[in-house]
Amino acid sequence: MASPALWQKYQGWFGALAAREKLIVASAVVGGILFLGYSYAIEPPLLRAQIAKRSLLTVPAETMVLQAQTTQLSTQAQDPDAPLRAEMARVEAEYAEQSQRFGVVERSLLPPAEMSQLLDQLLKRSRGLELLSLRSLPAVSVLQDSAGKSDGKTPAAGASAPAAGANEPAGQLYRHGIELRLAGNYLDLLHYLEQLERAAPNLIWGRLDLKSDTYPRSVITVTLHTLSMELSWLSL
1 MASPALWQKY
11 QGWFGALAAR
21 EKLIVASAVV
31 GGILFLGYSY
41 AIEPPLLRAQ
51 IAKRSLLTVP
61 AETMVLQAQT
71 TQLSTQAQDP
81 DAPLRAEMAR
91 VEAEYAEQSQ
101 RFGVVERSLL
111 PPAEMSQLLD
121 QLLKRSRGLE
131 LLSLRSLPAV
141 SVLQDSAGKS
151 DGKTPAAGAS
161 APAAGANEPA
171 GQLYRHGIEL
181 RLAGNYLDLL
191 HYLEQLERAA
201 PNLIWGRLDL
211 KSDTYPRSVI
221 TVTLHTLSME
231 LSWLSL
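Numbering-wise, the sequence shown is residues 1 to 236 according to my numbering.
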């Protein structure tokens with residue numbers, strides 16, 4: 001504590017000041033007292049309150065994350081095979097849709113069992129033609145054939161596509177084929193092919209090879225295909 005003499009000295013110094021100077025000095029003293037009071041008594045509790053408030057704001061977000069993790073773990077514990085079953089259901093739905101599409105395509109084409117009958121009927125109407133050979137080609141899965149082409153592998157000349165096996169899954173679409181060799185006059189052969197195209201517009205035409213024999217005789221080799229969901233071969 002200041003001594004009485006020092007205090008009297010300050011009083012004398014303060015009393016000698018002008019009124020304006022006294023106001024400035026008094027304001028500075030009061031401001032300093034308020035600043036010290038705020039710094040040591042008020043500011044620390046406010047800072048602690050702000051820190052506590054920020055901590056409380058992060059609690060709900062962390063709680064939501066924990067709840068989501070708990071829900072996920074609970075679902076997996078109750079039904080761990082749910083994703084697998086959902087995938088199986090999706091595949092089965094796609095399979096059913098694909099089978100339905102195959103059925104629509106099959107109904108629009110000539111049945112394999114009727115192809116040889118049609119060829120024979122048309123041949124009987126063409127008296128000037130001679131049947132040299134008629135043979136069925138192995139049934140080939142359309143999916144397997146498409147996969148082979150997408151691999152860029154071209155079969156060797158004269159080689160046929162791999163035949164469909166008994167172990168292949170059901171519900172596939174198969175390509176059945178016939179190779180027909182006829183001999184006769186060129187115009188008669190052309191007329192036969194035109195009749196065949198009109199009688200079975202949905203036949204899939206394959207290789208067509210025309211060779212000249214002893215004039216006016218020519219030999220034609222034509223490969224015809226149809227599609228079916230049945231694996232059984234054409235009956236000739």
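By construction, these hints were calculated from the structure, which means they are not laboratory data.
Glycine included, each C-beta is placed from N, C-alpha and C at the ideal position.
Heads up, a few of these hints could be off.
Have a look at the derived ranges for each label pair, beta carbon to beta carbon [unchecked claim]:
{"hint": "1", "residue 1": "E92", "residue 2": "L132", "range": "44 to 54 angstroms"}
{"hint": "2", "residue 1": "M229", "residue 2": "E87", "range": "39 to 49 angstroms"}
{"hint": "3", "residue 1": "T214", "residue 2": "S133", "range": "16 to 26 angstroms"}
{"hint": "4", "residue 1": "R85", "residue 2": "D209", "range": "45 to 55 angstroms"}
{"hint": "5", "residue 1": "E97", "residue 2": "E130", "range": "42 to 52 angstroms"}
{"hint": "6", "residue 1": "G206", "residue 2": "E97", "range": "21 to 31 angstroms"}
{"hint": "7", "residue 1": "A93", "residue 2": "R217", "range": "13 to 23 angstroms"}
List of simulated lysine to any residue pairs, SDA-like, C-alpha gap at most 25 angstroms [as the list claims (entries may be wrong)]:
{"hint": "8", "residue 1": "K211", "residue 2": "L132"}
{"hint": "9", "residue 1": "K124", "residue 2": "G12"}
{"hint": "10", "residue 1": "K124", "residue 2": "W205"}
{"hint": "11", "residue 1": "K211", "residue 2": "V222"}
{"hint": "12", "residue 1": "K124", "residue 2": "L208"}
{"hint": "13", "residue 1": "K211", "residue 2": "A68"}
{"hint": "14", "residue 1": "K211", "residue 2": "A93"}
{"hint": "15", "residue 1": "K124", "residue 2": "E230"}
{"hint": "16", "residue 1": "K124", "residue 2": "S136"}
{"hint": "17", "residue 1": "K211", "residue 2": "L190"}
{"hint": "18", "residue 1": "K124", "residue 2": "L73"}
{"hint": "19", "residue 1": "K124", "residue 2": "I220"}
{"hint": "20", "residue 1": "K124", "residue 2": "L23"}
So, going through the hints one by one against the coordinates:
At roughly 48 angstroms, the beta-carbon separation of E92 and L132 lies within the given 44 to 54 angstroms, and the hint holds. The given range of 39 to 49 angstroms is broken by M229 and E87, whose C-beta atoms sit roughly 25 angstroms from each other. A beta carbon spacing of about 18 angstroms between T214 and S133 agrees with the range 16 to 26 angstroms that was offered as a hint. Roughly 54 angstroms separates the CB atoms of R85 and D209, a value that falls within the hinted 45 to 55 angstroms.
Hint check: E97 to E130, Cβ distance near 47 angstroms, so the stated range 42 to 52 angstroms holds. Checked against the hint of 21 to 31 angstroms, the pair G206 and E97 passes, with Cβ atoms roughly 29 angstroms apart. Between A93 and R217 the Cβ separation comes to about 57 angstroms, which falls outside the hinted range of 13 to 23 angstroms. This hinted pair checks out: K211 and L132 have alpha carbons roughly 13 angstroms apart, not beyond 25 angstroms.
With a CA separation close to 147 angstroms, the supplied pair K124 and G12 exceeds the 25 angstroms bound. Taken as a hint, the K124 and W205 pair is honoured in the structure, with Cα atoms around 21 angstroms apart against an allowance of 25 angstroms. Using a Cα cut-off of 25 angstroms, the hinted pair K211 and V222 holds, with the two alpha carbons roughly 12 angstroms apart. Among the hinted pairs, K124 with L208 is consistent with the structure: their alpha-carbon atoms are about 21 angstroms apart, no more than 25 angstroms.
Restraint check: the Cα-Cα separation between K211 and A68 comes to about 76 angstroms, which exceeds 25 angstroms; the hinted pair is violated. At roughly 50 angstroms between alpha-carbon atoms, K211 and A93 are farther apart than 25 angstroms, so this suggested pair is violated. Restraint check for K124 and E230: the C-alpha separation of about 28 angstroms exceeds 25 angstroms, so the hint is violated. A C-alpha spacing of about 20 angstroms is found between K124 and S136, which places the hinted pair at or below 25 angstroms, so the restraint holds.
About 13 angstroms separates the Cα atoms of K211 and L190, which keeps this hinted pair within 25 angstroms; it holds. Under the criterion of a C-alpha separation no larger than 25 angstroms, the hint pairing K124 with L73 is inconsistent with the structure, at around 75 angstroms. At roughly 17 angstroms between alpha-carbon atoms, K124 and I220 fall within 25 angstroms of each other, so this suggested pair holds. Note on K124 and L23: the hinted pairing is violated, with a Cα-Cα distance of about 134 angstroms set against a maximum of 25 angstroms.
Hint compliance for this structure: hints 2, 7, 9, 13, 14, 15, 18 and 20 are broken, all remaining hints hold.
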